[in-house]
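Okay, here's what each chain looks like letter by letter:
Number of protein chains: 2
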Amino acid sequence: MKLIQLNETVTASNDRDAEALRLRMREAGTLLVNVMSSPGSGKTTLLSRIIRDLKQLKIGVMEADIESDVDARRIEALGAASIQVHTSGMCHMDAGMTASAWEAMEAEDLELIFLENVGNLICPAEYDTGAAKNLMLLSVPEGDDKPLKYPLMFQKSDALIITKTDALPYFDFDLEKCRERVLKLNPGIRIFPVSAKTGEGMEPLEQWLLAQVQAL
Amino acid sequence: MKLIQLNETVTASNDRDAEALRLRMREAGTLLVNVMSSPGSGKTTLLSRIIRDLKQLKIGVMEADIESDVDARRIEALGAASIQVHTSGMCHMDAGMTASAWEAMEAEDLELIFLENVGNLICPAEYDTGAAKNLMLLSVPEGDDKPLKYPLMFQKSDALIITKTDALPYFDFDLEKCRERVLKLNPGIRIFPVSAKTGEGMEPLEQWLLAQVQAL
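Line by line, the protein sequences give chains A and B.
Taking the numbering used here, the leading residue of the first sequence gets 2, the next gets one more, and so forth.
Taking the numbering used here, the leading residue of the second sequence gets 2, the next gets one more, and so forth.
I should point out that these hints are in silico values taken from the structure, not numbers from a laboratory.
Computed from a predicted structure; not experimentally measured.
Certain hints may be false.
To be verified - Cross-link-like lysine-lysine pairs, in silico, BS3-like; alpha carbons within 30 Å at most:
#1 A/Lys198 to B/Lys150
#2 A/Lys150 to B/Lys134
#3 A/Lys134 to B/Lys150
#4 B/Lys185 to A/Lys3
#5 B/Lys157 to A/Lys150
#6 A/Lys150 to B/Lys56
Build the full structure now, drawing on both the sequences and the hints.
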């Protein structure tokens, strides 16, 4: 398994770096999808399911974590290209870090790369990573009030995936109220309630991802 | 309800500010407990339960959030002193912000104040708020691998509260494995598995809190 230790890019021009990376990846024919959420909302489980379901695509994953390589090992076990990025304590990925991780992967033939960002509902939303699309996860146990408390990430995301819907009977989570709150912040966002465990709701999400790859 | 909007304290001496605040609060006879966790791990629900259970103590809560006042309203409804702190987008509280919030509360007779820090498992661990004790919550749905990924917060905390234990039957969370991982990072930490919903496990935690107030 590849592992790369990165420090925050020392440049004030993150937005410009992000734009440059987006262009380079488009030229390479690779869709980069930035996946953001709180710790423990099920990013790796969701990505594992997508990798198993979308076998027709060449998929890779950049696993960004402060420490540990448990997530990259799970992805690698599925046979997908993966790299573990250690962020040197940083609470988010920036465009320079993402570019370095992509180069270290040495996998220019991939059609879809997920950047599993550091588990954090705040800081990752403040940095453009150069991804073509931004996804966020909100898990049912976290509660339907999160759009009220962390609006920026909901505003920055192209799609919201509401995960662990199999746990809806055990938690006080109002799907309609959540949807209303999110659409008020970001009327154009796509919302996909899913259970990566049971597979419920996965198909519309996977069709949307396929369409994004084809539209690149 | 009081609300205060704070900006990051412009000082390089956060540790010194924190030490000064700790001394001032000890002189005032108030135990400040910093409560940290991911978004949605149940901080407000836990504090609501403690406020209801420990009626013999004068308790207040500082609710730190980027936006919204839903948590402070829940605490206020219980009759406890509360202040909503808006962090101007900041992902953590520092000692200067905490001191300003305490002053704005104008409640020097409180015996115990909880600082409900911003929901974030990374950045709050990097800043000493001036609290006498640091607590962190880890909820069962987040998973037992979190000590591997976010070690600093586990190292900085005096006690770990494993919340939502009523959800243990529905999630793949190994309590013993989690305990081992945490004790490896921080052998002196106290660990309290609780369900604020059913009340299971609350008593040892509340006795520990009472003892901390008495020991101030």
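Which hints from the list above does the structure break, by number from lowest to highest? none
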